[in-house]
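Mapping to our numbering: the sequence shown position 273 is 284, numbers consecutive.
To be clear, the hints were calculated from the coordinates, so they are not data collected in a lab. Careful, some of the hints might be misleading.
[Unchecked claim] So the derived label-pair ranges between C-beta atoms look like this:
| hint | residue 1 | residue 2 | range |
| --- | --- | --- | --- |
| 1 | Lys51 | Ala225 | 21 to 29 angstroms |
| 2 | Glu376 | Leu79 | 34 to 42 angstroms |
| 3 | Val282 | Asp29 | 54 to 62 angstroms |
| 4 | Asp133 | Thr43 | 31 to 39 angstroms |
| 5 | Asp352 | Ala49 | 20 to 28 angstroms |
| 6 | Phe245 | Lys385 | 47 to 55 angstroms |
| 7 | Leu60 | Asp29 | 38 to 46 angstroms |
| 8 | Ala144 | Arg330 | 40 to 48 angstroms |
| 9 | Tyr57 | Asp29 | 14 to 22 angstroms |
| 10 | Arg59 | Gln13 | 51 to 59 angstroms |
| 11 | Phe233 | Gln13 | 20 to 28 angstroms |
Everything numeric in this text was worked out from a predicted model, so none of it was measured. Glycine included, each C-beta is placed from N, C-alpha and C at the ideal position.
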Amino acid sequence: MQFSTKCIHGNGKRFSGDNTGAVSMPIYQTATFAHPEAGKSTGYDYSRLQNPTREQLESVVACLEGGLDALAFSSGMAAITALMELFSPGDNIITDCDLYGGSVRLFDNITVKNGVTITRADCSSQDIAALIAPNTKAVYIETPTNPMMNVIDIAALAKITKPRGILLIVDNTFLSPYFQNPLSLGADVVVHSGTKFLGGHNDALAGFLVVNNAELSEKLRFIIKTVGSGLAPFDSWLILRGIKTLPVRMEKSQKNAIAIVQFLQSCERVVKVYYCGIEGSRGYEITKRQARGFGAMITFEVESKALALHILKSVKVIRFAESLGGVETLLTYPFTQTHADVPEELRIKNGITDRVLRLSAGIEEAEDLIADLKQAIDSYNY
């Protein structure tokens, strides 16, 4: 089946206990399941372990990423937190230096506290092989990165990690499985904030881990049932509903992003635009090779902090809010929002200054979005 068909039907399998013919997957809003007698089960015991609605969602996401299994969590951070339970005190993880601020906060304050060491590197340019120690168990990246849009060659990195038995973990939130499938490039674990493009409507939190290894799946299944961070039935249904329109939303959002990038590049008050679809940019050729599109995420730097703050308070159609990937276009201020907990030295080194804005293009008309940005920029007086 083609990707758009998979978004609606998954692998074609449905919960066998539903004989109603419902086109929309039912919400099994139950905490527990009754058994016919001792020693016999319907296959479901307790919704913390598994629920038919969540199971259907996981089946669809695994199908979209080409994975053996997908696990749905209560948020993206819940997924990453559970993933860290694979590691033991004394283990080392190499992480890219430009990551979502929540991931950095988790690694610096929780993962390290639990005895796992973190080595930061620019995985888009540094020799990662030279950083691998005997206790290195994983390499953790985003591509494109959040928010500076650095692109990392997944296949090249997998050639380094695979022979050494090191897990390659790729956060694929920015491009979604519609544009990029890291497992097919050699990654071992794919991470998603399902809140973003998969859900697509800014109305539900969710997170996913996708794997194509049975042993890894079994370990993560044990962790999710033990720590109890599985996604609730109603939220599972909301994400299922969102995924059905993922292809059309991604295409429209990308089209809008490209138009906005062209506008921003023409603005005298915009110093630099970061988007992996800009021809000649550092990650352009890698993105063309490993992905089917450039996505809807744009970061841009304006000439002053005062202008950045003015834009945030002056936009009318675009909303000043955290998050990304929804049908609404959102403008975020990483310096005080998504990356506020990133150590200042690292934040500045990565280029996340008080002049940087991150934009997630929605599915409105590009002309309206550009007009909104233009009036916000032009109305600023020195």
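Results of checking the hints against the structure:
1. Evaluation of the 21 to 29 angstroms hint for lysine 51 and alanine 225 yields a pass: the beta carbon distance comes to about 26 angstroms.
2. The hinted range of 34 to 42 angstroms is satisfied by glutamate 376 and leucine 79, whose Cβ atoms lie roughly 41 angstroms apart.
3. Here the CB-CB span from valine 282 to aspartate 29 is close to 55 angstroms, well matched to the stated 54 to 62 angstroms.
4. For the hinted restraint 31 to 39 angstroms between aspartate 133 and threonine 43, the CB-CB distance of approximately 48 angstroms leaves it violated.
5. Against the hinted window of 20 to 28 angstroms, the Cβ-Cβ separation of aspartate 352 and alanine 49 comes to about 50 angstroms, which falls outside the hint.
6. Judged by the Cβ atoms, the range 47 to 55 angstroms given for phenylalanine 245 and lysine 385 is violated: they are separated by roughly 40 angstroms.
7. The supplied range of 38 to 46 angstroms is broken by leucine 60 and aspartate 29, whose beta-carbon atoms lie about 19 angstroms from each other.
8. Distance hint for alanine 144 and arginine 330: a CB-CB separation of about 44 angstroms, consistent with the stated range 40 to 48 angstroms.
9. Distance hint for tyrosine 57 and aspartate 29: a CB-CB separation of about 19 angstroms, consistent with the stated range 14 to 22 angstroms.
10. The hint said 51 to 59 angstroms for the Cβ distance between arginine 59 and glutamine 13, and at roughly 35 angstroms that hint is violated.
11. For phenylalanine 233 paired with glutamine 13, a C-beta distance near 35 angstroms fails the hint of 20 to 28 angstroms.
In summary, the structure is inconsistent with hints 4, 5, 6, 7, 10 and 11 from the numbered list given earlier, while agreeing with the others.
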